[in-house]
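Residue numbers (this note's numbering), protein chains in the order written: chain A, 1 to 131; chain B, 132 to 587.
FYI, nobody ran anything at the bench for these hints, they're computed from the structure.
Incorrect hints may have been included.
Calculated cross-link-like contacts (lysine to aspartate or glutamate; reagent style DMTMM-like; alpha-carbon spacing at most 20 Å) [as the list claims (entries may be wrong)]:
no., chain 1, residue 1, chain 2, residue 2
1, B, Lys-281, A, Glu-51
2, B, Lys-283, A, Asp-56
3, B, Lys-283, A, Asp-114
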Amino acid sequence: MSEAPDDLRYTKSHEWVRQNDDGTITVGITDNAQDQLGDMVYVEVPEIDKELEAEDACAVVESVKAASDIYAPVAGTVVEANEDLADSPEVVNQDPFGAGWIIKIRPVDSSAIDLLMDANAYQAFIEDEDH
Amino acid sequence: MPFNPQTEQDIREMLSVIGVDAIEDLFDEIPAGLRCGELSGVPEALNEQEITRLMLERAELDGRPLNFIGAGAYEHHIPAVVWEIATRGEFYSAYTPYQAEASQGTLQLIYEYQTMMTALMAMDVSNASLYDGASGLAEAVLMAVRANRKSKSRRVLMPRTVHPNYRKTAQSIVSDQAIELVELDYDREGGHIDPASLEQYAGEDITALVIPQPNFFGVLEEVNTLTDWAHANNIFVIAVVNPMAMALLKPPGKWGKEGADIVVGEGQPLGVPLSSGGPYFGFMCCRQQWVRQMPGRIVGRTVDRDGRDGFTLTLQAREQHIRRSKATSNICTNQGLLVTAATIYMALLGGEGLRRTALASHTNTSILVEKLSNEYLQPQFNRPYFHEAVIHSALPLKDLIRPLYAQNIQPGFVLTEDYPELGESLLVCATETKTEDDMSVLQDRLLRMIDKQVSS
């Protein structure tokens with residue numbers, strides 16, 4: 001079974017969300033998602049300051065199998081993007097919850113994060129999806 | 132690989148495997164009311180004898196006129212070996228077989244084509260071709276909107292010196308995607324885009340500027356100044372070029388300080404016959420930076436598990452068979468057979484041969500313009516041109532040139548409908564295929580018609 005750390009929140013489109021001390025959130029794709037997509041060859045990140053609605057397509061991860069959109073888990077503004085992925089997209093496979101993060105967002109309303117799944121709910125969700 | 136269709140027996144065997152009696156049964160989910168039934172507008176099939184006769188009769192209708200029309204499709208000499216090779220069984224198919232395990236020859240040929248195009252255009256990357264120049268321009272506009280992330284406006288500056296049909300095609304394809312093509316007028320003296328006319332857009336959010344070279348009038352644009360202006364304003368540069376001209380002129384990759392971002396054009400001048408308007412092929416190149424936004428197929432070189440060179444499609448993850456509605460484009464193929472001819476043509480002529488062909492075409496057009504210039508016919512524009520020029524007539528063109536059609540001469544393309552402000556204007560072209568005698572024939576016949584009109 002793929003990993004899903006307890007301190008993160010999760011979406012049905014397989015993004016994870018980490019709440020940072022400065023009020024921003026870090027977003028990446030889950031271990032399950034990277035495993036399904038296979039070897040990453042390219043990650044396209046949004047411009048800084050881009051304003052996003054919840055569920056807006058805001059980045060693209062391209063693997064040897066497919067190119068998939070990354071959706072904003074909550075509404076907010078892009079404050080940082082992981083530029084290192086341009087040269088080493090494989091980090092998304094190697095360390096999806098750490099160095100493989102994709103963007104940081106300053107949410108419009110932090111309480112929206114509480115509506116996302118916790119680790120247990122996400123694990124149940126992907127088990128259900130597998131069947 | 133063989134291109135034989137399946138036999139009656141193949142069909143029977145396949146149907147029996149899936150447990151169906153007839154092909155018709157495969158469609159029984161479609162309600163009878165939704166089926167069109169008979170195709171009443173489609174005539175009965177003809178046998179070989181009948182179809183050969185019909186096609187020969189139609190071909191004769193075209194005649195073999197002495198042709199001075201360019202306007203987007205150009206008559207160049209095509210060495211016999213080009214189509215001798217292109218029509219060999221190994222290549223001859225309307226379909227491009229991409230399977231790496233079955234098509235190494237075809238894939239290598241496309242790879243060589245891409246390499247030649249990037250060299251000719253001085254660009255980093257080429258795709259395997261598009262449908263034609265006009266739809267290629269539309270693809271370039273869509274690509275610029277995807278790739279230029281500094282711009283949000285989806286507004287593209289489209290000069291009137293771009294081929295009118297290209298502009299119409301681009302408009303049809305992009306207008307329903309909330310993209311605005313902003314018309315840019317041309318200088319009446321030079322027949323080119325006056326760089327000063329762009330200043331009204333400085334500081335505005337513009338996604339891309341289209342720069343034709345040569346432009347529809349045959350005139351050379353100030354590509355360096357235009358390119359630098361665009362980049363200084365965070366605007367993408369889409370070059371629309373004649374590939375033959377690029378053997379002689381500065382290629383788009385070297386325009387200004389940074390070069391064009393995307394290059395498209397019509398590939399027909401490279402070994403494809405006029406053949407009543409098609410099929411032709413479009414080409415597209417871009418900078419490495421934008422390659423993931425490029426539509427269409429790209430063939431890459433790699434190694435197999437034994438370390439031997441091999442060729443395969445690459446960067447497919449963005450295409451519609453994988454990404455569906457989110458694909459970069461609805462084009463998922465290339466014009467394989469025409470690309471085959473173009474690759475053979477370019478390989479045969481080489482850079483020097485292309486350059487000499489381009490130079491001979493330019494020289495011939497200069498001679499033609501000189502021969503045609505007189506009291507009543509004068510060059511419309513005062514700027515340098517490649518192998519086409521606009522001639523303004525003081526007399527009604529219709530009366531001058533219509534009698535020439537009957538004499539099997541096509542004297543040029545009349546611009547009045549697309550550019551009414553130019554009045555009686557004719558776009559003429561003389562490629563390397565025209566001799567001094569050919570040009571004198573046109574000169575003599577036109578002079579005769581002028582005399583007739585003036586004296587009547």
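Enumerate the violated hints, using their earlier numbering and listing them in ascending order. 3
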